[in-house]
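Peer 1: Sequence:
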Amino acid sequence: MTTSGEATRIAVIDDEALLRKGLVLMLDGAEGIDVVGEASNGKMAIEVIQRKRPDVVLMDIRMPVMTGIEAVATLRELGIDVPVIMLTAFDTDAFILRSLEAGAVGFLLKTTAPEALVRSVKAAAAGQQLLSAEVLSKLVGMAGHGRDGGIGGGSAASDGGGEPVTAKTGAGFEGSPAARRLDVLSPREKELALLIAQGMGNAEIAEKLYISIPTVKTHVARILEKLQVSNRVQIAIAVVRD
Numbered sequence: 001m002t003t004s005g006e007a008t009r010i011a012v013i014d015d016e017a018l019l020r021k022g023l024v025l026m027l028d029g030a031e032g033i034d035v036v037g038e039a040s041n042g043k044m045a046i047e048v049i050q051r052k053r054p055d056v057v058l059m060d061i062r063m064p065v066m067t068g069i070e071a072v073a074t075l076r077e078l079g080i081d082v083p084v085i086m087l088t089a090f091d092t093d094a095f096i097l098r099s100l101e102a103g104a105v106g107f108l109l110k111t112t113a114p115e116a117l118v119r120s121v122k123a124a125a126a127g128q129q130l131l132s133a134e135v136l137s138k139l140v141g142m143a144g145h146g147r148d149g150g151i152g153g154g155s156a157a158s159d160g161g162g163e164p165v166t167a168k169t170g171a172g173f174e175g176s177p178a179a180r181r182l183d184v185l186s187p188r189e190k191e192l193a194l195l196i197a198q199g200m201g202n203a204e205i206a207e208k209l210y211i212s213i214p215t216v217k218t219h220v221a222r223i224l225e226k227l228q229v230s231n232r233v234q235i236a237i238a239v240v241r242d
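For the sequence shown, UniProt numbering assigns the number 1 to the initial residue and increments by one for each residue that follows.
Treat the hints as calculated values from the structure; they're not laboratory data.
Even glycine gets a Cβ: it sits at the ideal position worked out from N, Cα and C.
Incorrect hints may have been included.
[Said to hold, decoys possible] Distance ranges between label pairs, derived from CB positions: (1) 114 / 186: 39 to 49 Å; (2) 113 / 186: 18 to 28 Å; (3) 128 / 208: 37 to 47 Å; (4) 184 / 51: 17 to 27 Å; (5) 110 / 65: 14 to 24 Å; (6) 22 / 213: 20 to 30 Å; (7) 115 / 186: 34 to 44 Å; (8) 209 / 184: 18 to 28 Å; (9) 203 / 51: 35 to 45 Å; (10) 207 / 127: 37 to 47 Å; (11) 119 / 52: 35 to 45 Å; (12) 16 / 183: 41 to 51 Å.
Construct the entire structure; sequences and hints are all you get.
Peer 2: Next up, the structure:
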């Protein structure tokens with residue numbers, strides 16, 4: 001995590017040379033950002049990340065030799081917890097959920113406006129959640145139904161009857177392996193996990209449960225450790241995964 005006043009060091013990984021170079025030029029010219037490395041596939045990305053130690057990585061999902069999903073999973077196996085933002089050409093990409101399960105902190109469309117891209121990179125470096133409550137709700141709905149489909153379309157995931165699919169309404173949650181996995185959590189931790197799955201941030205959870213934000217952060221850290229996952233998105237997915 002970067003501190004105030006420090007430039008955010010990033011690496012850009014994409015097999016499309018023109019797009020990669022364009023991202024490098026755009027980001028390197030942005031205030032507070034320093035591009036320290038680039039690569040054209042997942043295998044090269046791991047080497048660059050190990051050598052350059054960036055604060056944030058922008059990584060394409062689909063690449064030759066080693067995909068972005070495989071690269072993220074390998075980084076986590078190596079104990080490298082650098083925030084990885086996945087890049088995709090379509091918001092219905094079938095691999096988005098899998099990349100988040102592998103350990104990515106979020107995803108961006110390749111058509112994302114430069115200003116939004118810069119904000120996302122800085123947010124990831126600061127340890128902030130990149131997925132909106134709406135997108136997180138859709139991802140939770142996908143996980144709850146055992147789908148690897150896209151997230152596009154509609155304002156929220158639905159169970160077919162128009163009701164948003166959250167941790168409490170996801171199909172097959174009670175008695176599922178995911179629910180049994182939550183048995184390792186304390187009652188309070190389960191409560192927090194459900195709220196995280198609904199897209200709530202630390203401040204919202206603190207207000208709802210009448211506890212302090214530092215207390216929320218402590219609970220979240222314990223949940224991550226007990227569920228053996230690396231970010232809040234994975235907590236949400238674990239809540240409803242069949």
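Peer 1: Hint by hint, note whether the structure agrees.
Peer 2: Here is what the structure says about each hint:
no., hint, result
1, 114 / 186: 39 to 49 Å, "holds, 44 Å"
2, 113 / 186: 18 to 28 Å, "violated, 42 Å"
3, 128 / 208: 37 to 47 Å, "violated, 19 Å"
4, 184 / 51: 17 to 27 Å, "violated, 37 Å"
5, 110 / 65: 14 to 24 Å, "holds, 20 Å"
6, 22 / 213: 20 to 30 Å, "violated, 39 Å"
7, 115 / 186: 34 to 44 Å, "holds, 42 Å"
8, 209 / 184: 18 to 28 Å, "holds, 20 Å"
9, 203 / 51: 35 to 45 Å, "holds, 37 Å"
10, 207 / 127: 37 to 47 Å, "violated, 20 Å"
11, 119 / 52: 35 to 45 Å, "violated, 22 Å"
12, 16 / 183: 41 to 51 Å, "holds, 45 Å"
When the structure is compared with the earlier hints, violations turn up for hints 2, 3, 4, 6, 10 and 11 and for no others.
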